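Chemist: Please arrange chain B on chain A, whose structure you already have, making use of the hints.
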Amino acid sequence: MSVDLEPDPATLDRNPVDRRSTGYWGTVCLVATEATLFAALLASYFYLRLNDHSFRPPGVERPELLLAIPGTIVLVASSGVMWLAERSARRESWGRARLLAGLVTLMGIAFLVIQGVEFDRLHYGVGDHAYGTARYTIVGLHSAHVTVGVLLLLFVLWRIGRRDAGRHSVVQNVALYWHFVDVVWVAVFVSLYLSEHW
Amino acid sequence: MPHLASDSITGAPPSDTALDDGEDLRIEDPELAELGEDGRRLRRSWEEPGGIRAWLTSVDHKSIGRRYLVTALVFFAFGGALAIVMRAQLGSPELRLVDERTYDELFSMHGITMIFLFITPAFSGFGNFLVPLMIGARDMAFPRLNALSYWLFLFAGIFLWSSVLFGTPPSSGWFNYVPLGEQPYSPGRAVAFYALGLAFVSISTTLGAVNFIVTIARMRAPGMSVGRMPVYVWAILVTSFVMLFALPVLSAGNLMLWVDRSFGGHWFDATVGGQPLLWQHVFWAFGHPDVYLIFIPATGIVSTIIPAFSRRPIVGYVLVVVSVISIGMLAFGVWAHHMFAAGLPSQSMAFFAGASLVIAVPSGIQIFAWIATMILGRVHWRVPMLYAAGFLVVFTIGGVTGVMFPAVPADLQVTDTYFVVAHFHYVLVGGAVFPMLAGLVYWFPKMTGRMLHERFGAITFWVIFVGFNLTFFPMHISGLRGMPRRVATYLPSDGVTLWNRLSTIGAVLFAIGLLMGLGDIAVSLRRGRRAGPDPWRADTLEWATTSPPRPFNFARIPRILSRHPLWDESSDTLRGQLVLPDGHQALGTTSLEAGAEDVLDMPRESWSPLLLALAAAGVFYGLLLEWPVLVGVAVAAGIAAMVLWHARSDR
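Going line by line, the protein sequences match chains A and B.
According to the working numbering, the first sequence is numbered sequentially starting from 1.
According to the working numbering, the second sequence is numbered sequentially starting from 199.
Because the hints were derived from the structure by calculation, they are not lab data.
Note that the structure is a prediction, hence the values are computed from the model and not measured.
Any given hint could turn out to be false.
Over the 12 Å line for every Cβ pair with chain A, so calculated as not near, a few chain B residues [what the hints assert, rightly or not]:
1) Ile250
2) Thr255
3) Pro291
4) Ser544
5) Phe622
6) Ile710
Pairwise CB distance ranges (calculated) [to be verified]:
7) A:Trp94 to B:Val424: 31 to 41 Å
8) B:Leu254 to A:His123: 46 to 56 Å
9) B:Arg251 to A:Thr11: 32 to 42 Å
Heads up, the beta-carbon is just placed ideally off N, CA and C, and yes, glycines get one too.
Chain A on its own, in the form it takes in the complex:
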């Protein structure tokens, strides 16, 4: 296989904004390292849970699904909307992309509100037992990531308004981060909520 060793610069792309962009590669790496952070915390949670039958102390209620399920649905659906927004951006229909990204932002905020209500309804705190500590640490860290995602989405909304080539990359990279936050939530939801009801 041969490669062109003497390319003519005029024939080469300049600053690609799609998946070849270095920014996208960098985002992939950062997502990988953040995912490992959550994996380590979830592994720690299971380590404590499997080593102690009363890890969730007697009298502490099982995690409620009443709010968590709608929250999960909102967040997973927002990933779908984000995908549509990215597709619109690729097709250069920026008005639509902006509208959809705005919708994702609102869904993210809705998720955070649901989380807030849920934390408010808990009868224990971070310092009551290791179960509470794990719950507050992991869900809290995830909420922090969603908050960062919402800020990034606000940035996307502003950035789409500035008509230059770079906005493609911004939408694509923030979309990747947003999908990552959603996938992590599914892992958290299964580990901390759903598996307690099996």
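Modeler: Relative to the frame of chain A, chain B by itself:
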């Protein structure tokens, strides 16, 4: 087998005669002159402003790499000074130079400084300086992110050492076992400095790793397919992947520790469902890969130097690369061999014992490849080669004791004794510091344009080699005689006085050797012989450009036809025609074959990395002092810095 242009490494490089001291290399650069107007435009678009502003805003990977090295060496001196105080204390039984608490602080700060502020960043420094040069690129993929990594490292180092000014340096060891590290047993800010400081420095290292991965994947000169990458570049790539997956585990641990301490959490509190052993698992799940992310770049340096001074390509390139990759992967499966004395289930111990033995295989392959390269080549015993050979000896001794630990019964005998201290200094100093010194001597001409003194360098090597062995070999014996580590003194009746005295004398000798090396650097910086582009007649691309390299590294982007571009028959094959003079530009290539793919406009010097790092320092001090206002202000400043960063990237 490539033809070698010259079989000997001559003293005076031929192209050097026209240059006098003090002359500006860039102006006299024949290659640039040849390019005429293109050359002038190239120079204009890559030159950075001078003075203090250059210092604060530069994004040139070469300045950042040199800074990383200098800063890391300063921390090396700090960590070394602590070690000397400890050795003084242990020079005789029942000395009381420092009290127990201070002694705890000494060994804790020594370990933290050496691991996190010296060895890892020093290798980042080499990588920063060398990787773009070795792959024929003009800069790292993310130049400003690179500057940010440096500033974060610097501020994290200052953060950790400011604990001394606050009067509360960490004192529970570099691995900070709980429950000792928990609030009731270590009140005050010492452990907060540890948890936050390590999280801080981890951010820097992670960003650096991302930068290396993308740079190596996307910026290699056309023709440098993965099969032609220098082993050193492979080593940095593998190290970066190890960092990407190991550091977040440490950060998870530090997050849990911080939640426990600052919010009254119970991750590690056995009374309400937590587990102290969890900290050990998390710490070593990071800590053992960390050993390899120290060792792998060191082997990369050795795999560069041994072939260069044996005048032949490395034996078994593919095997060596596969070994590096498999060490990187196995590194994640051996952590519990640090915990055999902690009471793990025996099946679990058997698994980790097996994995720890397996990792000796790829390490052994590399050692045999180096030895075979030396036997099949013609070794020139210049100073870098002395250090590389010293590394082989010292590291092999460390490896031999290393193989003893996976034998669980033997491990139980020596856990927490000086035998372990001896072992890990043989692998860390022998396995990392010797290659680092080899690399310093080897690349000093490329970094500064001057040679170090050859004879003096050889003497320095022998002082360091003897000093090192005299310091750490007796520790094997004091350890086997039962001397526990981390205890501030010992009794005359313990029977370890002689061995400790030898260690202390060795430490002084070791320090003298290092100071001699420093003196050599100080003198040679001004008075060293001019190096010329390729003083060692080596094979990798960094020697194809001026010493020190110009801001754009290569006037014409090299084209690569083999693994040893500078040993190819005709050096003309190296010279591409691509200049990209229209601005601050670099060439992007495909990740496997390195076919030319796109032209990338690279960012210029910028204040944003420094501002963002300052904001990060504000956040960490705010968390440490529990001042929410400072955290809030710093976060706002950080967002502002990021907006500035982004606004300036618009092309």
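Chemist: Are the hints correct? Go through all of them and say.
Modeler: Results for each hint:
{"no.": "1", "hint": "Ile250", "verdict": "30 Å, holds"}
{"no.": "2", "hint": "Thr255", "verdict": "21 Å, holds"}
{"no.": "3", "hint": "Pro291", "verdict": "43 Å, holds"}
{"no.": "4", "hint": "Ser544", "verdict": "17 Å, holds"}
{"no.": "5", "hint": "Phe622", "verdict": "24 Å, holds"}
{"no.": "6", "hint": "Ile710", "verdict": "42 Å, holds"}
{"no.": "7", "hint": "A:Trp94 to B:Val424: 31 to 41 Å", "verdict": "38 Å, holds"}
{"no.": "8", "hint": "B:Leu254 to A:His123: 46 to 56 Å", "verdict": "52 Å, holds"}
{"no.": "9", "hint": "B:Arg251 to A:Thr11: 32 to 42 Å", "verdict": "38 Å, holds"}
Of the numbered hints listed earlier, not one is contradicted by the structure.
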